[in-house]
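Take a look at the letters that make up each chain.
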Amino acid sequence: MTENLLEVEGVNKSFPGVRALHEMRLDLRSGEVLALVGENGAGKSTLMKLLSGIHTADSGRFTLGGEPYQPSGPRHALTLGISIIHQEFNLVPHLTVAQNIFIGREPRRARVLLDERRLNADAAALLDRLSLRLDPRTVAGQLTVANQQMVEIAKALSYEPRVLIMDEPTAALNDAEVGTLHELIRRFVRPGTGVIYISHRMEEIKRIADRVTVIRDGEYIDTLDAGTASTSDIIALMVGRAIDTGARPEGVRADRDVVLGVEGLSTKALLTDVSFELRRGEILGFAGLMGAGRTEVARALVGADKIDKGTVTLHGKRVHIGNPADAARLGIGYLSEDRKRYGLLLEQDVKANIALSALRDRFTQAGFVRDGALRTDAAERAGSLHIKTPSVDQTTKLLSGGNQQKVVIAKWIAKACDILIFDEPTRGIDVGAKEEIYQLLNELAAQGKSIIMISSELPEILRMAHRVVVMSEGRVTHVLGAAEASQENIMHYATLRPDENPDDAAELGLGEQKAGHT
Amino acid sequence: MTTVKTPAGEQAGGLTGAVKSRLQQLLAFASLVVIYAFFSIVSPFFFSYGNFIAILFSTVVIGTLAIGTTFVIISAGIDLSIGTGMALCAVMSGVFIVNLHLPLALGVPLTILFGGFMGLVNGVNVAVLRIPPFIATLAMMLAAGGLALVLSHSTPIYFTDIAGYTDLSSGFLIPNLPNAVLILLVIAIIAGVLLTKSVLGRYTYSIGSNEEVTALSGIDVRRWKLGIYAFAGLFTGLAGVMISARLGSAQPATGMGYELQAIAAVVIGGTSLSGGKGSIIGTLIGALIISVLNNGLQIMSIPQEWQNVILGAVILVAVYTDRIRKKEA
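Protein chains in written order, with the numbering used here: chain A, 6 to 523; chain B, 58 to 386.
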């Protein structure tokens, strides 16, 4: 047996009313990348919080490099050699890259003055060592999500940890960025160090990890060899049952009526001449890299961002959508990728969230809320969407990601929206619940709702979309039918760069137009 | 106070969810009872019906302001203009009723509406021009205080010749219950019902919980925020009437500081300054705690300066226990 860098054995941890971890174990070998997988609520984040010293275990043993490991807090964990990159970024948006990396241990002159020059030099050296092309003087808030992630990693590595733990590091990254991240990880891992990599994305795990440890319901299940284990094996262990991953879009037909027409949509910031049609009962996929403009199309459509040029027709009639209230009135609902910030009133109960949009249409009389009707309706919807909650009086933040997503869906169905725009519908949702959301989308489409599904996960697009709109640099570069769509051709159109590359512009027939503009 | 808090906490642990969510109000109420009991024991003059009514009577102005501003605070806003705004409304009442000789039945509603108008201006600044509430209402606080002096030429306006004006405060529609107290109870009930049962109330909570989510859910947040500030302004107008009726005069130079007392009452009553949570009953209890403290400490001949020190400590204790409770939940 190879030497273990980090060992966790027989660890128990309970919170009031919940047993989070039971006899948990895990070992990280020296020089390996260990993937840690499990559904939401399996105990991954509790385990991370124990390792980073945020919580203390009720019982159990931790060993790091042969020595007992007992961190008294996050700071102590860092000095002992464990760095953790949390899912939510901990960067201060107003500070520069260098200031963020060395926050709390800035080099000083004469003890009191900050040595800004050395700070930037140190940061530049570090970024250079990691082959990251970032300017230490850039303000963190201006960086793309991917680059912010890189800064987080640089910060974590600047402590020269022995163990690096990454919680869903790629949730916001596209494939190219994931590649860069994986290269970084490979460079970091050598004898004496190791990485624990938490992710939901199976393809990625198979690419980067040596072994996969599966946990479920707070207990250790098994550890598999990443090279030989199949995705469905891993998923089966995670959810405790087998899941069909070979599913394809349902109900693909060409003869559907056009519900929504978008023609020449442009915004000041990004979108250029975006045109597409959405048909009744169709799931229209939007594929593209981060920053291609997919979310911007959605935001422009619901009036959250201002439209510069272009027309929107709904059921054959031209409409003006000035704000989300207009969109909701016209039956267009937007389900943001960031449910916690833009989708849910987390502190309010489930029924308040379900009834939020339709409150005035359905649950009021003379300015007063009919609470009885509201509760009955919310309970019915929670039941029909299989929202797992003790009651509709439950505070929404206590629900799992999948059930929170269903609450948002219930809100828009209650509003009787017939166009639903899903932005990354399964982000942060575990594998078992993903499948449920997919089935729900198919059911909604079968009932005649028209769905726009923005997704960065190509398997999800190929699994769900009747047609695929591919975007790059704020333009629609191609629309593919379900039958012809493949990872390869979607990526081809998603990576066209007409603004920089004349060949790409020519392929899109943009050459002359561009000349005409200037 | 610590000795009493422990049993309250244990008791709540075994109670149902609906009651648990009211824990902060229960705690505030328990504190009120404890403080009341404490003064009753240490002072022979404290515990009497007369003093009880006196306490309620002295709660009216702060209570009225606090009830209005509860809506603003639950919507994650703040209104600093209610103190001097009240003084301006008192002056406006004088202008309407004394200077312009309008009958009470017209002058009083006009004053209340004027308060609503000030609130509307705050609402426009906050919701349409997107000025942060703290700044927008700070500006209004200064402007209203100045206008009160300008309109009154810096001299009090006396209602001495106006029949029935002071009766609005100290008359008795119901025997042994001054009208001011009656009015406070009535508006508390109305505000409580509106906050929990009306669309305005529901959206007040939604906007305070997460304004962006509420807007993306198709609710015209701008219009509702206008409504919330304007509605809260009506209470400032009423407070202007009540304070001038109590004093028999409109004092243009007063008002500053009332807004902080009102906000303190709201906070002691368990309403979160970050929005989304709070209740009228809590605010009422908070206002009563302040009155009981002031009254009791006065009876014990503790100087005014110390009363403020103790009030400050009470605010910290109230907010701190709320934090602890949330951490445990």
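Quick caveat, the hints were computed from the structure, so don't treat them as lab data.
The reader is advised that the hints may include incorrect statements.
[As the list claims (entries may be wrong)] Cut-off 20 Å, straight-line C-alpha distance, at most; resulting in silico cross-link-like pairs (DMTMM-like, lysine to aspartate or glutamate): (1) B/LYS254 x A/GLU301; (2) A/LYS311 x B/GLU269; (3) A/LYS54 x A/GLU188; (4) A/LYS273 x A/ASP504; (5) B/LYS254 x A/GLU352; (6) A/LYS314 x A/ASP343; (7) A/LYS393 x A/GLU441; (8) A/LYS345 x A/ASP382; (9) B/LYS254 x A/GLU173; (10) B/LYS254 x A/GLU441; (11) B/LYS254 x A/ASP504; (12) A/LYS345 x B/GLU268; (13) A/LYS402 x B/GLU269; (14) A/LYS311 x B/ASP277; (15) A/LYS345 x B/ASP218; (16) A/LYS311 x B/GLU362; (17) B/LYS254 x A/GLU188; (18) A/LYS402 x B/GLU268.
In this text, all values refer to a predicted model and were calculated from it rather than measured experimentally.
Quiz item: Hint numbers the structure violates, sorted upward?
Solution: 1, 3, 6, 8, 9, 10, 11, 15, 16 and 17
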